[in-house]
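Student: First to last, the sequence lines map onto chains E and P.
According to the working numbering, the first sequence holds residues 549 to 897 in order.
According to the working numbering, the second sequence holds residues 549 to 897 in order.
Worth flagging that the hints you see were computed from the coordinates, not collected in a lab.
Honestly, I wouldn't trust all of these hints.
[What the hints assert, rightly or not] Selected chain P positions facing chain E (in silico; Cβ < 8 Å):
#1 L557
#2 L569
#3 E571
#4 G583
#5 V584
#6 V600
#7 Q642
#8 L655
#9 D675
#10 A683
#11 H686
#12 G687
#13 S691
#14 L695
#15 L772
#16 V776
Even glycine gets a Cβ: it sits at the ideal position worked out from N, Cα and C.
There are 2 protein chains.
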Amino acid sequence: MTDKKTRTLSELGEFGLIRKLTEDIVLRHPGSRKGVGDDAAVIDHKGFLTLVTTDLLLEGIHFDLTYVPMKHLGYKSVVVNLSDIYAMNGTPLQITVSIGVSSKLSLSAIEEFYKGIKLACNQYDIDLIGGDTSASNHGFTISVTALGTAQSKQVVYRSGAKKGDLICVTGDLGGAFMGLMLLEQENKKFNSDPAYKPQLEGFQYILERQLKPEACKNLGRKLLAQKVKPTSMIDISDGLSSDLLHICEASGTGSRLFADRIPVHAETAKLAAQMRISPMVAALSGGEDYELLFTISPGDAAAVQSLEGVTVIGLMTDQEEGHLLELQDKTTILMEAQGWNAAQKWGKL
Amino acid sequence: MTDKKTRTLSELGEFGLIRKLTEDIVLRHPGSRKGVGDDAAVIDHKGFLTLVTTDLLLEGIHFDLTYVPMKHLGYKSVVVNLSDIYAMNGTPLQITVSIGVSSKLSLSAIEEFYKGIKLACNQYDIDLIGGDTSASNHGFTISVTALGTAQSKQVVYRSGAKKGDLICVTGDLGGAFMGLMLLEQENKKFNSDPAYKPQLEGFQYILERQLKPEACKNLGRKLLAQKVKPTSMIDISDGLSSDLLHICEASGTGSRLFADRIPVHAETAKLAAQMRISPMVAALSGGEDYELLFTISPGDAAAVQSLEGVTVIGLMTDQEEGHLLELQDKTTILMEAQGWNAAQKWGKL
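Okay, chain E solo, but in the shape it has when bound (with noise of 0.2 Å):
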């Protein structure tokens, strides 16, 4: 057994971190409703919600500012945090911002970094309240949080899932993670080569995915016209099969995805066959779409299917099943967790 003083991160994992620091966490104020473990923290104030989201981006880690342009960067800040609130069924209102500022950033770098931070302000009708900014010694670091609200009755956890519940997901997946993939090998090659002219044409779709990526703020609103309340809900930040474990794991469900199902785009299908990369391993562990992925009852199925842009990709199952994802000719493969780059970019607490 390994000594658990010099156990090393790396040996621990993410999930094995957080469970560590978060285990012996009690809340003590009624009103702190739902701590960590959620896309946000619950707030509850006679009635009234106040939901907390907040992540942290750091250069080298999360970004590299060779190819992000900043006001890219600053928006895509703000909506990994407001698709957290989305993934509550709540409505975010206002966002902190605080940065810590190399000195090799001008000030025009700064400006154009706050441009995309309002932009997201302006398109998300959000507040920018305050926030922090410092010297940094090293790269640039950027903390968001997100406040937001929601009916008391109308939040959605990670937890409601139930066994013949149908599993939703919004938009297209595996875009941002193909986005990636063809700006870091055309970096490499102008690296390699600086004559070398980067060929970005024909793949708009999924450079804006993964450079400036939106949240779904209209299924809340679509979903309550329908009169449907999602069982569970989570945001795919992670990547498909991460982040629906999440799902089953805080409801005690198995899940069945079906392959077939699973919406991709016809630019991450082409870049992905051109790579030579599986377009459903980019769905499913790419992560960073910020689409939306929830359960309903089956009851719902017909007041969803009518929703564009929404589509059933499987169902929940006993806990005894498993994970699996079912492919074409009906045989299965049993799922494990594996965001995107998880080793190195960890998750939310």
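Model the placement of chain P on the given structure of chain E, informed by the hints.
Tutor: Then chain P, alone, in the frame of chain E:
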């Protein structure tokens, strides 16, 4: 005139940068009552206020792991945020904690850090409700956000001070700075001679002020019991002179401080004498004391002077009179904003 595009961040300075980034922010939600520009933002939901503040702490800028124990660092990371909530006359209730962890840190080091986080939560009755964990390519990165609440009528901003108001401060000043000077001096000696044994005896108080500061959790309650509401308040993080200037700018006043009234602890004075630093400089520009600086109407003077640990140190004047420090011989010095290490550390939006 310098071309805007090529101006560097250091030319612009802390306050210039913050002003530039925040000057065009418009709050769109009526609930966003106070945004950038105070110790915490204020969100108002039908009279129920949520206070929000956040701090980014970066290795090599805000702390040096060669002499800062991880447990103390965790404790301090929480306390500096709670201090901002107390500075709004509020009660902190929840925090989120995000960390970026470099590979040189062991699991036990991270556990020590969280022990400090949880100890602070116990001491101040705070729930740890969320956060984010990430690998870091560089130093240890900490981002803490604190949430709190206050009675709508009890919130105190920086902007309410008036000419004639008395300037008050809790505790004593300059200790945290002198503690840091001692740690840096002894660390330097140790680095140049590994056989050297750091001499820290006799300075327990100022070391604790630097390494494990406390926030003023009882002032609000004591003032309420005396039916006193400060006209303005701020916590001393940058240093007395700089933080008083924040109040004066927000309130549109000048100020006059009486040097011999400024409370300085015996250990602060002793080390300052040894190191040939003016204790007044430590108190005025040292920062990180996390005491509360506040102003009261003259009619509340007797009530406030009866409180243990509160000292009246000056009075608010007309804006045109500027910011004066009156010495014992009645001569005055014009003060300018000079936060501790301001060029490196910068400040809150």
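Student: Name the hints, by number, that the structure is in violation of.
Tutor: Numbers 3, 15, 16 - these are the hints that the structure violates, sorted from lowest upward.
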